[in-house]
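Here's the letter readout for the chains.
Number of protein chains: 2
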Amino acid sequence: MSLTLSKQGNLMCQNSPMIKLAKDINMSLASDSKQWLNLGVGNPLITKEVEEYWLSVIKSISAEKVAQSVMSYGSTSGDLLLRKTCSELLNKHYGWETTAENILVTNGSQSLFFMLNNIFSGQFNSDSKKIFIPALPEYVGYSGQILNQDGFDARLPTVKNIDDKEFIYKLDIENCHVNRREHGAMILSFPSNPTGKCLSEQEWQFLVKAAENEGIPLIIDCAYGNPFPGLCHQPIDFKMLPNLVYSFSFSKAGIPGSRIGIAVADSALVANLSLSQCNATIQPNAYAQLLANQAINHHDLSRFCHQVLRPMYSNMALFAKTLMMDLFKGINWKMHQYSGGMFLWIQFSDLKCNSQVIYEEAKKHKLIIVPGDVFFFGVDSSSIGGEQCIRISLAVSERTLIEGLSILKNIIHKLLVNKN
Amino acid sequence: MSLTLSKQGNLMCQNSPMIKLAKDINMSLASDSKQWLNLGVGNPLITKEVEEYWLSVIKSISAEKVAQSVMSYGSTSGDLLLRKTCSELLNKHYGWETTAENILVTNGSQSLFFMLNNIFSGQFNSDSKKIFIPALPEYVGYSGQILNQDGFDARLPTVKNIDDKEFIYKLDIENCHVNRREHGAMILSFPSNPTGKCLSEQEWQFLVKAAENEGIPLIIDCAYGNPFPGLCHQPIDFKMLPNLVYSFSFSKAGIPGSRIGIAVADSALVANLSLSQCNATIQPNAYAQLLANQAINHHDLSRFCHQVLRPMYSNMALFAKTLMMDLFKGINWKMHQYSGGMFLWIQFSDLKCNSQVIYEEAKKHKLIIVPGDVFFFGVDSSSIGGEQCIRISLAVSERTLIEGLSILKNIIHKLLVNKN
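Just so you know, the protein sequences line up as chains A and B, in that order.
Our numbering numbers the first residue of the first sequence as 1 and each following residue consecutively.
Our numbering numbers the first residue of the second sequence as 1 and each following residue consecutively.
If you are wondering where the hints come from, they were derived from the structure by calculation, not from laboratory data.
All figures in this text were calculated on a predicted structure; none of them were measured in a lab.
C-beta: ideal position from N, C-alpha, C; glycine also.
Heads up, some of the hints might be wrong.
Said to hold, decoys possible - Restraint ranges, calculated between C-beta atoms of paired labels, are given here:
(1) A/K65 - B/R180: 45 to 53 Å
(2) A/E52 - B/E97: 43 to 51 Å
(3) B/K59 - A/K20: 39 to 47 Å
(4) B/N10 - A/E212: 19 to 27 Å
(5) A/M27 - B/E360: 55 to 63 Å
(6) B/E51 - A/I236: 42 to 50 Å
Could you build all of it, start to finish, from the sequences and the hints given here?
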């Protein structure tokens with residue numbers, strides 16, 4: 001049988017940039033992983049302390065409780081106890097007044113975005129609409145999700161230099177005209193994956209107002225946000241408004257394999273997402289819900305994130321920057337100011353080649369980095385030098401950073417000499 | 001903000017028959033569940049023995065192993081160890097020669113069918129195609145999954161009476177013309193939910209040949225099949241052919257809340273489904289994979305299903321039939337021959353009303369049954385008396401069956417007297 005898929009089937013099964021990357025990395029690492037240096041990792045860093053924290057959470061849940069939970073179907077919106085727990089935690093943190101009706105539990109935030117990206121794009125009654133991305137680069141995982149061709153309308157940012165080593169991408173407000181005829185929703189990660197950017201208060205207000213004016217949802221992906229995993233260093237005063245949708249994930253707090261995330265939104269949208277979740281997968285998995293609830297209620301997850309994870313990643317960002325200041329002497333490099341998240345975004349302005357060449361060269365030297373082009377959703381990023389950018393992970397050991405960046409330095413040197 | 005969804009969004013969030021039913025049941029049960037008798041349950045029966053089995057599986061997995069597993073991303077196709085384990089188990093049971101490349105692990109079989117129903121329906125290069133259902137009634141959960149209007153093309157069966165109390169639905173081979181221009185795939189549950197029917201060898205060969213001739217997949221939902229949960233009493237010689245797709249679930253073996261199922265298919269299709277799964281949800285959840293692997297490899301899941309679950313449900317089917325023979329005297333009733341699964345399908349031929357009336361009347365008497373019409377996908381089933389059918393669950397106690405069927409008898413009597 002020759003395998004024939006429908007058009008939407010081909011889109012569902014598309015070899016998206018995220019997948020290509022993961023495949024390439026896995027293939028490189030499968031054979032002799034000890035010889036490779038991986039600065040591409042998306043897995044959160046599991047230190048002794050992180051491991052001990054989650055092990056203690058796991059050990060504190062009795063086998064009887066696990067049995068009871070996995071042996072019966074649960075609510076399609078997620079366990080009521082967990083939804084209340086999350087609601088209370090977020091109310092305390094942000095001063096919101098949400099209830100369990102504002103919370104949907106999913107099998108991780110990727111599942112949530114599959115729903116959101118599709119219920120807010122495609123053919124509407126009279127118009128065909130796209131998901132609006134206010135500022136690229138943006139999370140690569142969205143790009144394989146939409147069941148229509150050209151499902152995103154994305155804008156480039158402007159670049160503001162802070163000093164000779166740091167810059168910030170700014171929302172290009174002049175070119176950021178979202179409108180309800182063309183756009184079904186807006187989406188952004190905050191802090192940003194890949195850049196570590198947090199929106200300024202002014203940028204935030206602009207987007208909130210634009211979403212309000214157009215009557216479309218503004219979806220904020222807080223996979224790296226506060227209170228968990230707590231990696232946002234420039235938080236702003238998130239409000240709970242009818243057209244704001246927040247996504248939180250437990251992955252970067254240490255349990256990516258468990259698959260659990262939550263949406264916080266107007267109860268009408270939560271009710272719709274719950275229907276979608278029921279049709280597509282019945283309910284989120286029970287064990288991850290036990291874990292999350294136990295961590296918040298009995299192991300002070302917020303404190304753990306704030307006191308352990310947060311300094312761990314910001315110290316690593318500082319360490320990496322200091323290291324690059326030293327190692328990359330003589331190279332024209334700069335980085336996006338680190339304001340949160342798990343990555344650094346580095347630009348090598350004098351390179352003539354694009355980031356795929358850096359990626360391929362690095363692989364030859366058994367080093368994995370992530371080429372920046374995968375975060376640009378097919379948009380030409382040459383005007384902001386996006387083609388010479390790469391993403392490196394902070395979820396690595398100091399040793400890996402030292403060795404990896406040393407190899408990277410040699411590669412960049414070589415490419416510059418060869419006028420690539 | 002008024003909530004505006006795209007057309008596909010409205011389909012994703014449709015209030016499907018499965019959801020309406022679940023909602024109704026939950027609402028009825030929420031307030032005073034002890035006073036209700038529920039013959040509508042989809043949850044597998046958790047007896048002391050079933051509970052002890054899964055508790056022993058759970059206890060035998062160390063906290064360290066759980067921690068290791070939930071703290072890192074895993075393979076998007078599912079853990080290689082589990083895929084090998086499932087492949088070996090199925091090879092042994094069915095004489096197949098599958099490898100891990102033929103196995104995809106998902107967050108339960110509902111997730112698998114969301115993918116299958118959509119990648120094989122909708123707009124193809126030149127044609128628009130539907131999913132072909134060879135014989136209604138069929139599993140209600142498929143009906144809310146397709147992202148196009150009228151995504152199914154379904155046929156009614158013929159009825160063969162066995163004796164005055166039992167009948168079998170037979171494939172209406174004359175009207176069962178599947179073709180590649182109109183149909184993207186064929187789908188059926190085996191044993192059937194809701195009827196308990198297993199295809200005969202002749203019916204099976206007809207479908208296999210039709211799928212082969214047309215070059216489209218034949219998808220067999222073994223949610224109640226062998227070797228797990230092991231509830232198929234008329235198994236046939238399943239072959240592993242390129243266009244056959246089998247789905248197995250761990251839910252009915254006792255762990256529906258854990259969310260895990262597997263697809264067995266040609267490696268090319270598995271590779272595509274794996275891409276779809278990665279784009280939509282990254283990977284199946286880690287804990288359920290640990291549970292499934294541990295159950296198969298260290299707690300002889302097949303033996304448990306064969307020796308505990310299988311007789312439990314077939315004894316209950318016999319008990320229910322005997323009970324009805326006694327209780328329903330004076331009522332013109334018959335049932336689909338029980339050949340497997342977790343339900344009985346009962347017809348009250350003299351009723352003038354349809355099954356929704358039985359359902360509503362039953363609710364007034366604090367009894368839950370499932371009205372048969374939800375399994376007919378909008379097709380008029382009056383020619384086979386489908387409108388007077390209901391589904392009752394065997395996953396209940398004998399006491400619940402006795403009390404529930406006694407109430408049902410009174411309701412049917414009343415409806416007959418009132419000429420409903």
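Lying within 43 to 51 Å: is that true of the beta-carbon distance A/E52 to B/E97?
45 Å, holds
Do B/K59 and A/K20 keep their Cβ atoms within the hinted range of 39 to 47 Å?
41 Å, holds
Honestly, do B/N10 and A/E212 meet the 19 to 27 Å range at C-beta?
24 Å, holds
Can you let me know if the beta-carbon spacing of B/E51 and A/I236 is within 42 to 50 Å?
49 Å, holds
Taking the CB of A/K65 and the CB of B/R180, does the distance hold inside 45 to 53 Å?
51 Å, holds
Between A/M27 and B/E360, does the beta-carbon spacing fit 55 to 63 Å?
58 Å Cβ-Cβ, so the 55 to 63 Å window holds.
In the structure shown, no violation is registered for any of the earlier numbered hints.
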